[in-house]
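Undergrad: Fit chains B and C to the known structure of chain A by using the hints.
Protein chains in written order, with my numbering: chain A, 509 to 951; chain B, 5 to 130; chain C, 25 to 571.
Derived from the structure by calculation, the hints contain no laboratory data.
Note that the structure is a prediction, hence the values are computed from the model and not measured.
Glycine included, every Cβ here is placed at the ideal spot set by N, Cα and C.
Don't take each hint at face value.
[What the hints assert, rightly or not] For lysine-lysine, the following DSSO-like pairs were computed, each having C-alpha atoms within a straight-line distance of at most 27 Å:
no., chain 1, residue 1, chain 2, residue 2
1, C, Lys219, A, Lys738
2, A, Lys887, B, Lys29
3, C, Lys229, A, Lys685
4, C, Lys219, C, Lys229
5, A, Lys546, A, Lys887
6, C, Lys393, C, Lys67
7, A, Lys887, B, Lys18
8, C, Lys182, C, Lys284
9, C, Lys56, C, Lys67
10, A, Lys523, A, Lys887
11, A, Lys877, B, Lys74
12, B, Lys52, A, Lys559
13, C, Lys393, C, Lys470
14, A, Lys878, B, Lys77
[Stated by the list, open to error] Beyond 10 Å from chain A on every Cβ pair, some chain C residues (computed):
no., residue
15, Val61
16, Asn220
17, Tyr371
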Amino acid sequence: MDSSVAAEPNIRVVKNATCTFCGCVCDDMELTVDLDQKRIIKAKNACVLGKAWFAEHSVDESRPVAMIEGKEVSLEEAINEAAKILVNARFPIIYGMSNSTSEAQRETVKMADLLSANIDSTSSVCHGPTGMGLQGVGEPTTTLGEVKNRADMVVYWGCNPSDCHPRLSTHYTVNPKGMYIPNGRKDRTVINVDVRSTTTTNIADVFVQVKPGSDFELLWALRILVRGGKLNSTFEEQTGVPIDVIENLASRLMSCNYGILFFGMGLTMTRGRHYNASALHMLATDLNEHTHFVVKPARGHGNVTGADTVMSWQTGYPFGINFNRGYPRHEPGEFTTTDILTRGEADAACIIASDPIANFAKPAIEHLKKIPMISFDPKPTPTSQAARVAFTTACYGINTPGTVYRMDDIPIPLRPAFESPFPSDLDILKPLVKRIRELKRAQ
Amino acid sequence: MTETMLLVPMRTAKQGVALNQGKLKDAYKRETSTVEIKQEDMDRLGLKTGDRIRLRAGTEEVVVSCKPRKVSKKVQDTATGIIFMPYGPTTSALMTDGDTAGTGMPDSKHLIVEIEGPLAQEESDG
Amino acid sequence: MSSALRIVNGKIHDPANNIDGQVRDICIQDGKIVESVPADTPKIDAHGMVVMPGGVDIHSHIAGPKTNLARKFQPEDHRYDPHPGTEFTRSGAGGIVPSTFATGYRFATLGYTTVMEAAVPPLSARHVLEELEDTAILDKGYYVLMGNNSFLHRMLEKGRMEEFREAVAWWLNASKAYTIKLVCPGGDEQWKGDKNATINQIDEKIHSFDITPRQVIKALIDTANDLGLPHPAHIHCNNLGHSGNYTTTLDTMRAAEGRKAHITHIQFNSYGGEPGKNPTSKAKEISDFINENPNISADVGQVMFGKSVSMTADAPLAWMLRHVKERKWINCDTECESGCGIIPFEYQQHVYTHTLQWAIGLELFLMAKDPWRMVLSTDHPNGGSFMNYPRLIRLLMDRDFRKQEAAAVNQKALLSTSLLDLDREYSLNDIAIVTRAAPARLLGLKHKGHLGVGADADITIYDEQENIEEMFKTARYVLKDGQMFIKNHEFCADPVGRIFQVAPDYDKKIEDEIRPFFDQYYSVQFDNYPVFDTHVETEIVPTYPVQ
Chain A
509 MDSSVAAEPN IRVVKNATCT FCGCVCDDME LTVDLDQKRI IKAKNACVLG KAWFAEHSVD
569 ESRPVAMIEG KEVSLEEAIN EAAKILVNAR FPIIYGMSNS TSEAQRETVK MADLLSANID
629 STSSVCHGPT GMGLQGVGEP TTTLGEVKNR ADMVVYWGCN PSDCHPRLST HYTVNPKGMY
689 IPNGRKDRTV INVDVRSTTT TNIADVFVQV KPGSDFELLW ALRILVRGGK LNSTFEEQTG
749 VPIDVIENLA SRLMSCNYGI LFFGMGLTMT RGRHYNASAL HMLATDLNEH THFVVKPARG
809 HGNVTGADTV MSWQTGYPFG INFNRGYPRH EPGEFTTTDI LTRGEADAAC IIASDPIANF
869 AKPAIEHLKK IPMISFDPKP TPTSQAARVA FTTACYGINT PGTVYRMDDI PIPLRPAFES
929 PFPSDLDILK PLVKRIRELK RAQ
Chain B
5 MTETMLLVPM RTAKQGVALN QGKLKDAYKR ETSTVEIKQE DMDRLGLKTG DRIRLRAGTE
65 EVVVSCKPRK VSKKVQDTAT GIIFMPYGPT TSALMTDGDT AGTGMPDSKH LIVEIEGPLA
125 QEESDG
Chain C
25 MSSALRIVNG KIHDPANNID GQVRDICIQD GKIVESVPAD TPKIDAHGMV VMPGGVDIHS
85 HIAGPKTNLA RKFQPEDHRY DPHPGTEFTR SGAGGIVPST FATGYRFATL GYTTVMEAAV
145 PPLSARHVLE ELEDTAILDK GYYVLMGNNS FLHRMLEKGR MEEFREAVAW WLNASKAYTI
205 KLVCPGGDEQ WKGDKNATIN QIDEKIHSFD ITPRQVIKAL IDTANDLGLP HPAHIHCNNL
265 GHSGNYTTTL DTMRAAEGRK AHITHIQFNS YGGEPGKNPT SKAKEISDFI NENPNISADV
325 GQVMFGKSVS MTADAPLAWM LRHVKERKWI NCDTECESGC GIIPFEYQQH VYTHTLQWAI
385 GLELFLMAKD PWRMVLSTDH PNGGSFMNYP RLIRLLMDRD FRKQEAAAVN QKALLSTSLL
445 DLDREYSLND IAIVTRAAPA RLLGLKHKGH LGVGADADIT IYDEQENIEE MFKTARYVLK
505 DGQMFIKNHE FCADPVGRIF QVAPDYDKKI EDEIRPFFDQ YYSVQFDNYP VFDTHVETEI
565 VPTYPVQ
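Only chain A is shown next, with the shape it has when bound in the complex (with noise of 0.2 Å):
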């Protein structure tokens, strides 16, 4: 099980590591790394994003374990301030996650409970709407392993994974040879949906440009042809789509084998949001009467799926979640982070491994400037700049071992390249964790 070779003294090969960059979680990276400079200097099989995030992620000693207000202070001391912050605030709530161990995310929901704190995650503002979606209708879905295996048909639909998710094409659903799929590439028809035309629609069959904020509409008129309706010319008003190009993409739907939908933020974040994630759901639903039908939104951070699948079995609750009556509630809209931040209601702050300063709403940002904020990042963000405990740590799966789930909940093991001076998220929410416990039975 070693996938360590000593290759020369100080340069160390790791085979079958995992990159967490993306929600595809590629674990069969070969990562050369020098030990003395403590950096990777090759990573075969990694993606254009996976190579940037295996080079980019070498030690920089100079930085501060920790810093309050910006001056480098002790571990310890950074623990007691953050716990201190946590305990004496009214309303804290903790964000974030998506890029952090599964041992860290179920830590920091012990955190969360502890504190009757609001915990989210980044969920909230990339996938939330189809979990919400799949609150209310279900979902048809798969393994990756599946599709490659079988599905004859792939749709992306509002996402764009030849820039987002490069190796998702290329080593998952589209170009492999798969048991049902001998020829690869040409057993496949590959479908793009978008409101342009992106680097994936290079790779399509067929594209289908929908007018923004129309998705809904094209999803449903899908839905009426698949089970037996007519569409009128409304439709083609409405989506921009001509009607026949609408019929012969709902016929190509029904006749494959095994069909899959991925989709993007272009339905999550736009007209409909959840609305639109359960329509594609439902679409799926329908397609199951004709043929077999999945869909699988791309997820994009490494470990976002993960928030959600430790968030789900610690509370009963994907995302958007409140503790403070001494049990979980779940409500989107009123406890996760992007709403809680606009009314101006949080009072204290703790993110891990992620940067809303840098893509929140101004509103939000507005009010996450004012309170009192804790950040864990391995890198200096907008975030961690304006925190005032912000703790620098090491990188989950390039210093860091633990779990990960992939896009399709399949979890996936990190094998470490070198060691990091920084602690990891997990070693400094165990001791945060306890003085918060010490603090509160002080109280």
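TA: Just chains B and C now, with coordinates in the frame of chain A:
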């Protein structure tokens, strides 16, 4: 010239690479403040690659540079009046509305902006 | 951690040691039951109470990918049943599929200390193990799905039985599972590969393989026996839920050819009638067969009225049930290994089929001559939540209560069964058998399910009450490995349970056969597939291979 357009924040491989280098580095800042505009819209507005333009949403405004949007040669890409820019601090600044319609998700990919440009050098520096 | 303790004055029900309600002392030292402890050892006075071994559940769906999807997609169900934390315990959500911690606490409140998760594809082994780690209090293990494994199908097709057995042993080790699970063997291939078709009879050909379910069943039963697993192949039969399926069940049991096999939630496979029409009860035919064939054991899979969730690796079954109400539905295909379907469900007294299922379950309990081989389960949450166990126990122990309940169900269905003619009442010892002693014995957990010297000090003490349901709802004291964690009905500690696995020997050469298959057909690397020993702490239960 001024026109109202739809700004759709998105991701690119280049942005993904740049964010690994560091979000405080120039490459990331450059990638997340360059807007992609369809060539025919650029022509109509009199814009050239690298021109500075102003985007305004409500009371917020940012100055960014622009470049023509690459469209697939395989297909007929008919979308005009839509511009694209990778997510980052610049798109966040234009997300003036934190309302999520009860979902947790703001309308992140549907920002109505006023586009103005090209800007003169001194104006874009300010 | 666990100092010595003596339980005095309680009525002991320990059927494995032939103790039936006698008042005796139970002595505990270092987590085990011992002959004696010093006179000044602290005591629990169990006067007016009943003392039993901690409950052992042989078949529940409590953790893993399918359970978690069922949790995730029913916020409406958790909403009405919050599970607040205490100074000692974590909070969580209740409902038909509680969160992991709440699952542990709620089982423990009923007096259960060991629960087995019934079905997980090996590709999700790490997932289920992480959830089991987060399942409070309980000792646990899980059964790994092997009945729709493409690699094993290939070995079988080529008649390479030795490699088949080595591969199964490799898979058990790689996944850190407790035994082999079959769910609708061969059925997933039809579902995934032939536009949602299904397979019903065990002699039909499996889609795209030149084998039948019977061959898969036989091979896995033999392998479990040959490897000497502590619990034999655990089988969810083909054709489950369909009228007329009892013949498939009999065929499956016969396929064991005298070797040990466990048929799970057998109630769902005891139906007469024509396919597509109303079912009838074939509880007698099934009971007769089991009564006469000591190699077969079963758990009932009792249906209880009220909310349930159908969550199963039998994907075509869930799809069929979806058409009943067209409510939300989950399907999840696992490459080379499994299918899965989930739908929320409700058993209603006025519905013919639901009443029939309820009555058949009770018939199976009441007709069983050997309670050691027909044990209690609701196939939680498929037949209803484990929280129904106290009510089910009352139905078995209290004939009048049974008749009273029977008055409210669909009479046409009821009268087509023999339930009203069955006067048998379970004794407390019978209950101790079907909820503790027998499942522990069937699982091969020698230190569980009894109170003899050397047993794990997992002990439940109930207040003796007229109303049996109330009595079994909340134990007064519960001990795990000698540590009292429920005292006067309140949690006073949060001990961490163990995870059991088997680790049968195998010839490492089999990896050379499996590796290329992974490279071609799996989406994860072969070397990353087995659960690392560092991932989770487990306890290996010994196997006794046939020489």
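Undergrad: Each hint: holds or not?
TA: Consistency of the hints with the structure:
no.: 1; hint: C:Lys219 x A:Lys738; result: holds, 24 Å
no.: 2; hint: A:Lys887 x B:Lys29; result: holds, 11 Å
no.: 3; hint: C:Lys229 x A:Lys685; result: holds, 25 Å
no.: 4; hint: C:Lys219 x C:Lys229; result: holds, 16 Å
no.: 5; hint: A:Lys546 x A:Lys887; result: holds, 15 Å
no.: 6; hint: C:Lys393 x C:Lys67; result: violated, 38 Å
no.: 7; hint: A:Lys887 x B:Lys18; result: holds, 19 Å
no.: 8; hint: C:Lys182 x C:Lys284; result: holds, 25 Å
no.: 9; hint: C:Lys56 x C:Lys67; result: holds, 16 Å
no.: 10; hint: A:Lys523 x A:Lys887; result: holds, 26 Å
no.: 11; hint: A:Lys877 x B:Lys74; result: violated, 37 Å
no.: 12; hint: B:Lys52 x A:Lys559; result: violated, 32 Å
no.: 13; hint: C:Lys393 x C:Lys470; result: holds, 23 Å
no.: 14; hint: A:Lys878 x B:Lys77; result: violated, 48 Å
no.: 15; hint: Val61; result: holds, 33 Å
no.: 16; hint: Asn220; result: violated, 6 Å
no.: 17; hint: Tyr371; result: holds, 20 Å
Checked against the numbered hints above, the structure breaks hints 6, 11, 12, 14, 16 and satisfies the rest.
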